[in-house]
Structure formats: C-alpha cells, structure tokens
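2 protein chains.
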Amino acid sequence: MMATRVLFPLVVVDVALFCVDDGGLRVLLVKRALEPEQGRWALPGGVLKPDQDANLEAAARRVLRNKVSVDIPHLEEIRTFSGNERDSRGWSIAVLFCALLPRDQVQALIRDKVEAVEWADAAKPGHRLAFDHTEQLFTALRVLRDKVDRHALPLHLMPEKFTLTALQRTCEAILGRPLDKAVFRRRLKGSEDLVETDEFERGLQRPAQLYRAREGFAFMA
Amino acid sequence: MMATRVLFPLVVVDVALFCVDDGGLRVLLVKRALEPEQGRWALPGGVLKPDQDANLEAAARRVLRNKVSVDIPHLEEIRTFSGNERDSRGWSIAVLFCALLPRDQVQALIRDKVEAVEWADAAKPGHRLAFDHTEQLFTALRVLRDKVDRHALPLHLMPEKFTLTALQRTCEAILGRPLDKAVFRRRLKGSEDLVETDEFERGLQRPAQLYRAREGFAFMA
Numbered sequence: 001m002m003a004t005r006v007l008f009p010l011v012v013v014d015v016a017l018f019c020v021d022d023g024g025l026r027v028l029l030v031k032r033a034l035e036p037e038q039g040r041w042a043l044p045g046g047v048l049k050p051d052q053d054a055n056l057e058a059a060a061r062r063v064l065r066n067k068v069s070v071d072i073p074h075l076e077e078i079r080t081f082s083g084n085e086r087d088s089r090g091w092s093i094a095v096l097f098c099a100l101l102p103r104d105q106v107q108a109l110i111r112d113k114v115e116a117v118e119w120a121d122a123a124k125p126g127h128r129l130a131f132d133h134t135e136q137l138f139t140a141l142r143v144l145r146d147k148v149d150r151h152a153l154p155l156h157l158m159p160e161k162f163t164l165t166a167l168q169r170t171c172e173a174i175l176g177r178p179l180d181k182a183v184f185r186r187r188l189k190g191s192e193d194l195v196e197t198d199e200f201e202r203g204l205q206r207p208a209q210l211y212r213a214r215e216g217f218a219f220m221a
Numbered sequence: 222m223m224a225t226r227v228l229f230p231l232v233v234v235d236v237a238l239f240c241v242d243d244g245g246l247r248v249l250l251v252k253r254a255l256e257p258e259q260g261r262w263a264l265p266g267g268v269l270k271p272d273q274d275a276n277l278e279a280a281a282r283r284v285l286r287n288k289v290s291v292d293i294p295h296l297e298e299i300r301t302f303s304g305n306e307r308d309s310r311g312w313s314i315a316v317l318f319c320a321l322l323p324r325d326q327v328q329a330l331i332r333d334k335v336e337a338v339e340w341a342d343a344a345k346p347g348h349r350l351a352f353d354h355t356e357q358l359f360t361a362l363r364v365l366r367d368k369v370d371r372h373a374l375p376l377h378l379m380p381e382k383f384t385l386t387a388l389q390r391t392c393e394a395i396l397g398r399p400l401d402k403a404v405f406r407r408r409l410k411g412s413e414d415l416v417e418t419d420e421f422e423r424g425l426q427r428p429a430q431l432y433r434a435r436e437g438f439a440f441m442a
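Those sequence lines, one after another, are chains A and B. Heads up: the first sequence runs through residues 1 to 221, numbered per my numbering. Heads up: the second sequence runs through residues 222 to 442, numbered per my numbering.
Bound conformation, chain A alone:
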C-alpha cells in the first residue's frame, strides 16, 4: 500500500452571538487586534487547542470567555466552512456556532486579542468582515430565522410572564419583519412550550392574558 501524505488543516471555531434589543436583532462583533486580518471586524473566533479543549463546542466557549468575557453553557453548531481560500494561513476549517441570548445576560468586554467590541445590526453589520465571516454571519442568521419562523419560540428571551403580543414582537425583531397576528396565534395554539397562567396584564387596552414557558423549555434543543 502506498503511504498517503496527510496535511493537517488549521481548525478554528467562530461564534455568531445574537441578542435582541430595541433596535432589533444584534450580533456581537470584535475588532481583531492581531494578524491575520488585524484591525478588521469579525465574529469572535479562535484556533482549536486540542490540549485544552474537550471538543469543538468547548473550544468555542473558551474563545468567548477569553476574547469577550462571555460565558455560555451551550452553543448550537451551525455548519463548517472549509478549504484553501478562506484563511491566508492555508487550508482551514472553521466550525461556526451560534447562540441567541437575552440582552442583559451578555456583557461583552474587551479581553485578549480584541481591540473593540460592538453589537451590530445582525442583518446589516455595517463592516466588511474578516475571512468569510460575512457568509458565516448570514448563514447563522438564516438558520436562526428559519428556526423561529418554523417551530422554535424564543421564550428564553421573555420575562417570566409575558403576553402573546410581547412574544410576537420579539419574534418579529428576530425575523426582521411583521407577522400576521391570526396566523401567529394559530401557531401558538399548537405549541407545547407555552403555558397559560391565570394572570392578566392590565393596561390601557383590555386585559391581556399572561403566559410562561413550560418547565425545562430549551430554545437550542
């Protein structure tokens, strides 16, 4: 048998970290302090360290801790980006992870290898991103929106009790477009994640029933 030459690819992990604020859906960007792509805005990311990381997701969590002081128990894998073209250092694999967090749970701070951090408009980040990070961002955005559009309710972003109107507004902020109220309400009827309470919100309009997430609800499952 002929011996086959195996070259080792560079393996990096990148994270699209989303949150919702009054301006809509935001994504965390960092300004790179080191080469390659020094001074460019990018998704937070870094090189896999097999001697430190239990697996790729652990690597992504380590990178978030070290670069922007964000500690997240679970990241969802989106997909890989690979080949000879995407990084000047050579044949590389980027494994993209994603999370959607409540705004007040993420205090992104400037730490190692980062010059600045910014919560950019997720759909229009306003910078040409480093590497293939624009493609990565839009891939993560599409997966997140498909998920919210089709079957997942972002109940972890809501207060403990909330109205269906407030939930609709949050979904609309993620999707970047208005939803039809009747269609949305019909979809909610089939959801096992949503639990009716016997409380009402009283305001200027007629009282609106309050709901909560079922115990054990997980958006990322």
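To be clear, the hints were calculated from the coordinates, so they are not data collected in a lab. Incorrect hints may have been included.
Stated by the list, open to error - Derived DSS-like pairs: lysine-lysine, alpha-carbon spacing no greater than 30 Å straight-line: (1) Lys161(A) x Lys113(A); (2) Lys181(A) x Lys402(B); (3) Lys252(B) x Lys345(B); (4) Lys270(B) x Lys334(B); (5) Lys49(A) x Lys345(B); (6) Lys345(B) x Lys368(B); (7) Lys181(A) x Lys113(A); (8) Lys410(B) x Lys382(B); (9) Lys189(A) x Lys270(B); (10) Lys368(B) x Lys382(B); (11) Lys189(A) x Lys402(B); (12) Lys334(B) x Lys382(B); (13) Lys410(B) x Lys147(A); (14) Lys181(A) x Lys270(B); (15) Lys49(A) x Lys31(A); (16) Lys31(A) x Lys147(A); (17) Lys147(A) x Lys270(B); (18) Lys31(A) x Lys124(A); (19) Lys345(B) x Lys334(B); (20) Lys181(A) x Lys368(B); (21) Lys402(B) x Lys382(B); (22) Lys124(A) x Lys181(A); (23) Lys334(B) x Lys147(A); (24) Lys345(B) x Lys402(B); (25) Lys124(A) x Lys147(A); (26) Lys252(B) x Lys189(A); (27) Lys270(B) x Lys252(B); (28) Lys147(A) x Lys161(A); (29) Lys252(B) x Lys334(B); (30) Lys161(A) x Lys181(A).
Stated by the list, open to error - Label pairs and their computed distance ranges (CB to CB): (31) Leu188(A) x Asp367(B): 30 to 40 Å; (32) Ala387(B) x Ser88(A): 49 to 59 Å; (33) Arg398(B) x His156(A): 41 to 51 Å; (34) Asp370(B) x Lys161(A): 39 to 49 Å; (35) Val268(B) x Val47(A): 50 to 60 Å; (36) Leu179(A) x Leu400(B): 47 to 57 Å; (37) Val183(A) x Lys402(B): 21 to 31 Å; (38) Asp367(B) x Arg206(A): 55 to 65 Å; (39) Asp71(A) x Glu422(B): 56 to 66 Å; (40) Asp370(B) x Leu175(A): 30 to 40 Å.
Just so you know, even glycine gets a beta-carbon here, dropped at the ideal spot from N, CA and C.
Fit chain B to the supplied structure of chain A, relying on the hints for placement.
Relative to the frame of chain A, chain B by itself:
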C-alpha cells in the same frame, strides 16, 4: 506574548447515506477492511486530504466514490463530532454528512478499504458500529426525520407523476410511523413544491389525481 502549542487534530468525514425500499428506510454500512476498527461495520468515511479535497463536502464525496463507487452531487452537512475519545488515533474531528437518494440511483459496490457493504435498517442497523457511528447514524436519522416531519417533502424519491397516497407512504417509510391522512393532506395544501397535473391514476379504487414536483425542487436545500 507566550507561544501557544497547537496540536493538529485528525479530521475525518463520515456519510449517512439513506434510501427507501420496501423494507422502509435503509442506511449504507461498510465493513472496514483496515485498522483501526478492522472488521467492524461503519458508516462510509475517511480522512480529509487537504492536498486533494477542495473542502469537507468534496472530501466526503471522494470517500464515497473511492470506497463504494457512489457519486453524489450534493451532501448535506449534519454536524461535527469531536474530542479525544472517539477515535483511538487521538484527538479527532468527524464531520458528518447525509443524503437521501432513490434506491435505484445507488449501486454501492465494494471498493478500496471495504470488505462488504450492506443496506441496513436505518433505525435498527443490527451491528454495533465502529467509533461513534451509532450516535452519528441516529443524529442523521433524527435530522432527516425532523426535516420530513416538519417541512421537506421527499419528492426526489417519487416517480415523475405520483398520487398523494404514494407520497404519504414514502414519508411514512422515512418517518417509521403512520401519518394521519387528513393532517398530511392539509400540510400538502401549503406546499409550493407540489404541482397538480390534470392526469389521474385509474385503479381498483376511484381515480386519484397525479402530482409532480415543481421545476427546480431541491430536497437538500
């Protein structure tokens, strides 16, 4: 700045190749001819070769061609499996791909590094698989079934024209459970992928309208 030691992980690609026959949903397994895990049944897979492969998907397609003579234009990435435990050769990354093909388009032949091939019951493969391939198989199976259950119709498995009953049977074979006819028909009404023809199938029962897939339909999109 301290220099950081970077160890290079082993990178492999694995493929869960599904098809439907009279026995239900099947997955392609190969019996490994070489170490590690020689003689064990496994998903077809192999080591990434950056000097040959344009990207990870191309690597997976090369592995299928070389191991079982199967040539597929597109594979869908499911997710990665990684860490120190899954392969005796050391810290490794397996990138899992998946495809669902018409049975008559796949003539899996024994080629390099393979002792035997088998189309096993996808939900009960009947072998303890090599590495973490049992977990990989069930992950791919869950993703495929979720997809067919929620939004994707496997129209590429159907003949050019088909009845809605035949389509329901194919979905049921993939899902491994019967579907409620009324619920299924309601779902089909909302599908943009399904086109009514003005032809009917005449058989023992009353004539059944024939349908076709819309031009440009893609199951893996």
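Given the proposed pairing of Lys147(A) with Lys270(B), does the C-alpha separation stay at or below 30 Å?
Outside the cut-off at roughly 34 Å; violated.
Does the alpha-carbon distance linking Lys181(A) and Lys270(B) stay inside the 30 Å limit?
violated (52 Å)
Are Asp370(B) and Leu175(A) spaced within 30 to 40 Å by their CB atoms?
Violated, at about 22 Å.
Lys181(A) paired with Lys113(A) [C-alpha distance capped at 30 Å]:
violated (45 Å)
Can you confirm whether the C-alpha distance between Lys181(A) and Lys368(B) stays at or below 30 Å?
holds (26 Å)
Tell me if the straight-line CA distance from Lys189(A) to Lys402(B) falls inside 30 Å.
holds (21 Å)
Taking only the CA atoms, is the gap from Lys161(A) to Lys181(A) under or equal to 30 Å?
This hinted pair holds, its Cα atoms lying about 20 Å apart.
Within a Cα-Cα threshold of 30 Å, do Lys345(B) and Lys402(B) meet the stated pairing?
Judged against 30 Å, a Cα distance of about 26 Å means the pair holds.
Given the hinted pair Lys410(B) and Lys147(A), is their Cα-Cα distance within 30 Å?
holds (21 Å)
Confirm or reject the claim that Leu179(A) and Leu400(B) have a C-beta distance inside 47 to 57 Å.
Cβ of Leu179(A) to Cβ of Leu400(B): about 28 Å, so the range 47 to 57 Å is violated.
Check whether the Cα positions of Lys189(A) and Lys270(B) lie no farther apart than 30 Å.
Roughly 50 Å separates the two Cα atoms, so the pair is violated.
Hinted pair, alpha-carbon criterion (30 Å max): Lys161(A), Lys113(A). Please report holds or violated.
violated (40 Å)
Violation of the numbered hints given earlier is confined to hints 1, 5, 7, 9, 12, 14, 17, 23, 26, 31, 33, 34, 35, 36, 38 and 40; the remaining hints are satisfied by the structure.
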